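Chains L and A, in that order, are what the protein sequence lines are. The first sequence begins at 1 in the numbering used here and counts up by one. The second sequence begins at 1001 in the numbering used here and counts up by one.
If you're looking for bench data, these hints aren't it; they were derived computationally from the structure. Bear in mind that the values here come from a model prediction, so they are computed numbers and not experimental data. Some hints could be false.
[Claimed, not checked] Okay, derived cross-link-like pairs now, DSS-like style, lysine-lysine, Cα gap no bigger than 27 Å in a straight line:
(1) A/K1197 / L/K40
(2) A/K1139 / L/K84
(3) A/K1083 / L/K74
(4) L/K40 / A/K1188
(5) A/K1123 / L/K84
(6) L/K84 / A/K1083
(7) A/K1197 / A/K1211
(8) L/K74 / A/K1139
(9) A/K1065 / L/K3
(10) A/K1135 / L/K74
(11) A/K1065 / L/K74
(12) L/K74 / A/K1229
(13) A/K1065 / A/K1211
(14) A/K1123 / L/K119
(15) L/K74 / A/K1157
(16) L/K119 / A/K1122
(17) L/K84 / A/K1122
(18) L/K84 / A/K1229
(19) A/K1219 / A/K1157
(20) L/K3 / A/K1157
(21) L/K84 / A/K1135
(22) A/K1219 / A/K1083
(23) A/K1115 / L/K119
(24) L/K74 / A/K1219
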Amino acid sequence: MSKLSSDQAYELANEFHDLSVAVGNYRFDQWDDLSAAQRKRLEDLQWTLMNYSSDFTAQALNFVVDDLQGTVDKITAATANANKAIANIKVVSKVLAIAASATVLGASIMSGNPDGALKAADDLLQAVTA
Amino acid sequence: MFLVLAGCVDLSEVGKFATTLESAKASFPALVADIQNSCIRRANFAPERTREDVLQHCGNLATSKDGLLQAQQVLLNYMEALKNLSSDSSLTYGEKLDRLSDTLSKSGLDDSQVKATTGLAKKLVDAAINGYRKKEIEKLVGQTNDDIQTLTGALKKVVTDGYGNELKLEEEAMNTFYETNIHEYAEKEPLTVTLVKRNWTTDFAALQTKKDAAAAYAKTMDSIADGHKQLYDSRNKWSTASLVKDLSSDISDLYQSTEQVYKAFK
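Looking at chain L on its own, in the form it has when it is part of the complex (with noise of 0.2 Å):
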């Protein structure tokens, strides 16, 4: 016999639960036709019904867990290398922010201030080997 899938398994575990619901609706609608010894053996296949229920949707648990080992290592190598661009941010702001310093000094030309500008050079040079 071939193995369950979870789907199959969910589905063994919904049928013995509405079937435990039924032995329990009968138990309760025949209660006074029934003897004590009836009654205490439909409460106890109504149980036996409920762990199997029960155990099947285990089941199904331990199968969805197998089944997504795939997919689990997949996302996690792909949050791996999201994060490592999370990371390169902080370097490429570095490489920005030496842009950013090289528009100052062309600024500070465009000014016509050459002070400024000697200054600005000066922060280039900084920026770059910070």
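The hints should help you fit chain A onto chain L, whose structure is shown.
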């Protein structure tokens, strides 16, 4: 929120989307633990003679607990990375650029020139960093969408079908327990029956709260799946016309700053 996502996507919307899991972060571990706890509560409704047997079966539900929590944690970590990638909280260039103002003031530029120059520099950096982040998010969303759909779908089923079935069993056990008591004591002890009905109502309300939490969690998984698909479907637009549209406010600011520079230096 997802109506907004269906249209133009910008990074703040990606960030808002990624934050939707914050509430799930706190609630899911308790919810997973409650799959087995529901079974244990059910055992309390079992006749004394079968209780130990029920508890043994409950033990079977413990096997998958760590794996489910790990799968959920992977989704949380992913959403956290998506959120961080879309926010500017990790950037440190702002302070550096602010220091430029002082340096420029000392360099002989007047106030308007300093303001215009630093303003332009900031806008340039913002626009470039935004472009980098968008590219990385686009790559991430493109790589993971199928797996995110699979994972959210599976976690939803764990809660609706798995946890949901345990809650249904708990309800059935509860109903059987109280109905049996009512049938057995209805004639002999009417007052006991009144108290039994009161307890039944209280227990049922507590169970309903858990059912509502499970439904809310399933809805969260649906929202994440739908929202992520919207990001995936629109990802390629980010680098073309939509990217320009998304950056239109940045570009507008940039234009104004450029004008300011021009006026300051003409």
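Exercise for the section: Take a quick look at whether L/K84 and A/K1122 sit within 27 Å of each other, Cα to Cα. Expected result: holds (24 Å)
Problem - Hint consistency between A/K1065 and A/K1211 [alpha-carbon to alpha-carbon, up to 27 Å] - result: holds (19 Å)
Handout entry: Satisfaction of hint between A/K1083 and A/K1219, Cα-Cα up to 27 Å
Key = holds (20 Å)
Exercise for the section: Take the C-alpha atoms of L/K84 and A/K1229, compute the straight-line distance between them, and say whether it is at most 27 Å. Expected result: Judged against 27 Å, a Cα distance of about 23 Å means the pair holds.
Problem - 27 Å Cα cutoff - pair A/K1065, L/K74 - result: Cα-Cα ~21 Å, so holds.
Practice task
Take the C-alpha atoms of L/K74 and A/K1229, compute the straight-line distance between them, and say whether it is at most 27 Å.
Solution key: The hint holds at about 17 Å.
Exercise for the section: Could you grab the alpha-carbon distance between A/K1135 and L/K74 and see if it respects the 27 Å cut-off? Expected result: Holds. A/K1135 to L/K74 sits at ~20 Å (cutoff 27 Å).
Handout entry: Agreement of L/K84 and A/K1083 with the hint, judged by alpha carbon distance not exceeding 27 Å
Key = holds (14 Å)
Practice task
Given the hint that A/K1083 pairs with L/K74, test it: the Cα-Cα distance must not exceed 27 Å.
Solution key: holds (19 Å)
Practice task
Take the C-alpha atoms of L/K84 and A/K1135, compute the straight-line distance between them, and say whether it is at most 27 Å.
Solution key: Holds. L/K84 to A/K1135 sits at ~14 Å (cutoff 27 Å).
Practice task
Mind checking the alpha carbons of A/K1197 and A/K1211 for me, to see if they're no more than 27 Å apart?
Solution key: With a Cα-Cα distance of about 21 Å, the restraint between A/K1197 and A/K1211 holds, given a limit of 27 Å.
Problem - Proposed proximity, A/K1122 with L/K119 (alpha carbon, max 27 Å) - result: holds (19 Å)
This entry satisfies every hint, going by the numbered hints stated previously.
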